[in-house]
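Enquirer: Quick mapping for you: the protein sequence lines, in order, are chains A and B. Going by the numbering used here, the residue at position 162 of the first sequence is 162; the numbering climbs one at a time, nothing skipped. Going by the numbering used here, the residue at position 166 of the second sequence is 166; the numbering climbs one at a time, nothing skipped.
What the hints contain is simulated information worked out from the structure, not anything from laboratory work. All of these numbers come straight from a predicted model, not from anything done at the bench. Even glycine gets a Cβ: it sits at the ideal position worked out from N, Cα and C. A hint or two may mislead.
To be verified - Distance windows between CB atoms, simulated:
(1) B:195 / A:43: 24 to 34 Å
(2) B:192 / A:43: 18 to 28 Å
(3) B:187 / A:80: 48 to 58 Å
(4) B:153 / A:47: 38 to 48 Å
(5) A:26 / B:156: 18 to 28 Å
(6) A:25 / B:214: 24 to 34 Å
(7) A:195 / B:247: 45 to 55 Å
(8) B:35 / A:40: 48 to 58 Å
(9) B:87 / A:252: 49 to 59 Å
Claimed, not checked - Computed list of lysine-lysine pairs in DSSO-like fashion (alpha-carbon distance at most 27 Å, straight line):
(10) A:185 / A:126
(11) A:97 / A:185
(12) B:41 / A:185
(13) B:150 / B:249
(14) B:151 / A:345
(15) A:248 / B:41
(16) A:258 / A:248
(17) A:345 / B:41
(18) A:258 / B:41
(19) A:120 / A:97
Unchecked claim - Examples of chain A residues lying across from chain B (beta carbon under 7 Å, computed):
(20) 64
(21) 66
(22) 134
(23) 138
(24) 141
(25) 142
(26) 266
(27) 312
Residue-level listing of the chains:
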Amino acid sequence: MVEPASLPARIWQFLTLRRGGKRWHWTDLFTYGYLGLGIFLMFGPVVWLVLSSFKTSAGLLEFPPTWAPLGQVVVAVEGYEKPLPMYRVTMEDGSTKDLAQIRRIGIISQMVDPAEPSTKYKIPIKQREPIREFRMAWENYLDPLERFNFLSYLTNSVIVTTLATLITLLINSMAAFGLSIYEFKGRNAVMLLVIGTLMIPITVILVPVYLVVTELGMVNSLWAVILPGAATPTGVFLLRQYMLTIPKDLIEASRMDKATEWQVYWRVVLPLAMPAVAVLAIFSIMWRWNEFLWPLIVLNRSEVYTLQVGLNAFQGELDVQWHYILAMTVVTLIPVVVVFAFLQKFITTGIASSGMK
Amino acid sequence: MNSELAQHSQFKDAETGQLHLKILITWPLFLLFRFIEWPMKRLQSLLGLGPMPYVFLLPNLCFFGLFVVLPLFVNFAFSLTGGTNLYLDDRTFTGTEQYAFLLDCGNYADPLSCREDRFWKGLFNTATFITLQLTFLVLFSLITALVLNKKIQARGFFRSVYFFPVLLSPVVVALIWKWILLRDGILNAWLVELGFDKILFFVSPAWAMFWAIFISIWAHMGFYTLIILAGLQAIPPDLYEAAEMDGTKQERIFWRITLPLLWPNLLVVIVLALIKGVQTFDEVYVLTGGGPGTATQFIVQYIYNTGFTNQIQNFGLAAAASVILGVVLFGLTMLQLAATRWKDNG
Numbered sequence: 001m002v003e004p005a006s007l008p009a010r011i012w013q014f015l016t017l018r019r020g021g022k023r024w025h026w027t028d029l030f031t032y033g034y035l036g037l038g039i040f041l042m043f044g045p046v047v048w049l050v051l052s053s054f055k056t057s058a059g060l061l062e063f064p065p066t067w068a069p070l071g072q073v074v075v076a077v078e079g080y081e082k083p084l085p086m087y088r089v090t091m092e093d094g095s096t097k098d099l100a101q102i103r104r105i106g107i108i109s110q111m112v113d114p115a116e117p118s119t120k121y122k123i124p125i126k127q128r129e130p131i132r133e134f135r136m137a138w139e140n141y142l143d144p145l146e147r148f149n150f151l152s153y154l155t156n157s158v159i160v161t162t163l164a165t166l167i168t169l170l171i172n173s174m175a176a177f178g179l180s181i182y183e184f185k186g187r188n189a190v191m192l193l194v195i196g197t198l199m200i201p202i203t204v205i206l207v208p209v210y211l212v213v214t215e216l217g218m219v220n221s222l223w224a225v226i227l228p229g230a231a232t233p234t235g236v237f238l239l240r241q242y243m244l245t246i247p248k249d250l251i252e253a254s255r256m257d258k259a260t261e262w263q264v265y266w267r268v269v270l271p272l273a274m275p276a277v278a279v280l281a282i283f284s285i286m287w288r289w290n291e292f293l294w295p296l297i298v299l300n301r302s303e304v305y306t307l308q309v310g311l312n313a314f315q316g317e318l319d320v321q322w323h324y325i326l327a328m329t330v331v332t333l334i335p336v337v338v339v340f341a342f343l344q345k346f347i348t349t350g351i352a353s354s355g356m357k
Numbered sequence: 001m002n003s004e005l006a007q008h009s010q011f012k013d014a015e016t017g018q019l020h021l022k023i024l025i026t027w028p029l030f031l032l033f034r035f036i037e038w039p040m041k042r043l044q045s046l047l048g049l050g051p052m053p054y055v056f057l058l059p060n061l062c063f064f065g066l067f068v069v070l071p072l073f074v075n076f077a078f079s080l081t082g083g084t085n086l087y088l089d090d091r092t093f094t095g096t097e098q099y100a101f102l103l104d105c106g107n108y109a110d111p112l113s114c115r116e117d118r119f120w121k122g123l124f125n126t127a128t129f130i131t132l133q134l135t136f137l138v139l140f141s142l143i144t145a146l147v148l149n150k151k152i153q154a155r156g157f158f159r160s161v162y163f164f165p166v167l168l169s170p171v172v173v174a175l176i177w178k179w180i181l182l183r184d185g186i187l188n189a190w191l192v193e194l195g196f197d198k199i200l201f202f203v204s205p206a207w208a209m210f211w212a213i214f215i216s217i218w219a220h221m222g223f224y225t226l227i228i229l230a231g232l233q234a235i236p237p238d239l240y241e242a243a244e245m246d247g248t249k250q251e252r253i254f255w256r257i258t259l260p261l262l263w264p265n266l267l268v269v270i271v272l273a274l275i276k277g278v279q280t281f282d283e284v285y286v287l288t289g290g291g292p293g294t295a296t297q298f299i300v301q302y303i304y305n306t307g308f309t310n311q312i313q314n315f316g317l318a319a320a321a322s323v324i325l326g327v328v329l330f331g332l333t334m335l336q337l338a339a340t341r342w343k344d345n346g
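Only chain A is shown next, with the shape it has when bound in the complex:
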């Protein structure tokens, strides 16, 4: 191990690290350049989104944009209903004064000194500069809760994700149990069916699934989103492969102890298959939270929209209200970031070993 060094020393050590301690090679430079660029390109857009989501709608329109969320200072002035925006004005004699703007007519702005509201000034707009302060526009996050269906989108997404994941885990693990533990007639046929449909995406069967869902009377209900994707061949396949590694003796032993088949499944096999179940759970959550095309088709009323569909409808209708869109986008990506932060290792190994997404 390297002996503990002070932080700056370690950073320096990190920055000057070279391949095998030999001379600098062009690949070393390339490596660190690439990694640096990677952080910038991969995280940058998300950071920019989060920073922007805290800007006021006026702040968002500014060009060129500022990094930090700055808001114009506003003050309440006696005799005026609404708070007035503050400007720093350069007067004729060269001195500066902080004035509040009452209204703007063309290139002339009518202003007033908050200290003595009786005198009004007429100032050419070129001579004023908005006074700004650091301000987080929390209203971007709070307004959509009241003014739009945002909260119901959120609830719908949570319901869909939770229920769909539970159903998927249950029926897929049951099927995997059946396929891995028993020898029975037709097993090969079922396996063939599972493998054969592994790659059939819903894009190929949009119309008939829509028909089935309509026949069942589920259009514009959350069930229409939850049920069709519940039986995933990927899940059955993954769980079965894992369950095959469970020793048969264990199952025999529990049968000797008069366990019913359901108990064998639930108390012996399922707990042992937990790592695989957890991987499938994480993926199911991801799939369902992020799903877009299918909900877009079956959910046509805004009170049943999921977050993704709601967000898309939003950006189409309210193209100018970017301050709301950005805030809602941030909310949509929070669960994913949280799940990722805690389960990063799980997810990456799960993907690498099962090749699914």
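Keeping the supplied structure of chain A fixed, place chain B upon it in accordance with the hints.
Expert: Structure of chain B alone, referenced to chain A:
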């Protein structure tokens, strides 16, 4: 029940965070168990052990049959009918008319000469998109995996840096980039700073396609990087040691050892990316809406538009188009199975 599970678990060295997750998952399942245990017990005493596997398979197969297998056949039936009714009995049988309509072209190289030019435009767009996206996706994934496979500090951190966007939803990905690429967005601010003019990215077809490809690579690269990385780590290190001993140049090591041994993994990546590429819809739809004009309208959007958004919902045509898409995907899947088999056999 929970403690029991924890005992059986293979994560005995798990940190508390992972245990919490397990409880979170198992608790509702525990309720379910109580709910289903009794009827299952009765069923077993009634039927005996023999039919039990079918009982376990039944729920899954019901869902599967109803939402995958049945629709596969119904889809084909749909593609042979016309009219605007959703219910099959009210539709008129038209035979292969829908296919004939889709495939009716004066000159197959020119989408505008086809009767259903939007379909062909969609096919051409998808083909252009896939060709470019796949090339650069594989290239960048390979470079990233090679870089991440080196002895660098904080490797786990960098791995998650590149992987992170994979988890974002397509809608979020599209909105993030749309926000950056707006007329008054940050990218145009930089262009102005550097002395260029602003570019209206969503007005120019070429730029819209460029960003569709770029964003798709940005969002999915981490996934493929991971697969390649797994392949890189499976290469026996003594091969490299032997090569270094002989004083072989890095470039030569790459071409002679790394690439040949990695090729099976790369092939899997290529086919997987191809299958996903054909189905591209969400990101691009939210980003450009298929525009400007039809410049970024892909085949899946054509199906969606034809079946679900137009004034007259043409389910027959949409079904016929998706049968064609299904045939293409089936071919690609066969390719993938062959690739996987080849990989497994070394």
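Enquirer: Is residue 258 (chain A) close enough to residue 41 (chain B), meaning Cα to Cα at most 27 Å?
Expert: Given that 27 Å is the threshold and the Cα spacing comes to 11 Å, the pair holds.
Enquirer: Return holds or violated for the Cβ distance of residue 153 (chain B) and residue 47 (chain A) against the range 38 to 48 Å.
Expert: Since the Cβ atoms of residue 153 (chain B) and residue 47 (chain A) sit about 22 Å apart, the hinted range of 38 to 48 Å is violated.
Enquirer: Checking hints one by one. Is residue 141 (chain A) an interface residue toward chain B, by the C-beta closer than 7 Å rule?
Expert: violated (16 Å)
Enquirer: Look at the Cβ atoms of residue 187 (chain B) and residue 80 (chain A) and judge whether their distance stays inside 48 to 58 Å.
Expert: violated (40 Å)
Enquirer: Could you tell me whether the CB distance from residue 195 (chain A) to residue 247 (chain B) stays inside 45 to 55 Å?
Expert: Given about 48 Å between the Cβ atoms, the range holds.
Enquirer: Can the restraint linking residue 248 (chain A) and residue 41 (chain B) be considered satisfied, given a maximum Cα separation of 27 Å?
Expert: With a Cα-Cα distance of about 21 Å, the restraint between residue 248 (chain A) and residue 41 (chain B) holds, given a limit of 27 Å.
Enquirer: Given a hinted range of 18 to 28 Å, is it respected by the beta-carbon distance of residue 26 (chain A) and residue 156 (chain B)?
Expert: About 26 Å separates the Cβ atoms of residue 26 (chain A) and residue 156 (chain B), which means 18 to 28 Å holds.
Enquirer: Would you check whether residue 66 (chain A) satisfies its interface hint, that is, whether its CB is within less than 7 Å of any CB in chain B?
Expert: Cβ of residue 66 (chain A) sits 10 Å from chain B, so the hint is violated.
Enquirer: Sort out whether residue 345 (chain A) lies within 27 Å of residue 151 (chain B), counting only the CA atoms.
Expert: Distance of about 19 Å is within 27 Å: holds.
Enquirer: Against the range 18 to 28 Å, how does the distance between the Cβ atoms of residue 192 (chain B) and residue 43 (chain A) compare: consistent or not?
Expert: The hint (18 to 28 Å, Cβ to Cβ) holds, given that residue 192 (chain B) and residue 43 (chain A) are roughly 24 Å apart.
Enquirer: Run the distance test for residue 150 (chain B) versus residue 249 (chain B): straight-line Cα separation, threshold 27 Å.
Expert: holds (16 Å)
Enquirer: Between residue 185 (chain A) and residue 126 (chain A), does the CA-CA distance stay at or below 27 Å?
Expert: violated (86 Å)
Going down the numbered hints, you'll see the structure goes against 3, 4, 10, 11, 17, 21, 22, 23, 24 and 25, while the others check out.
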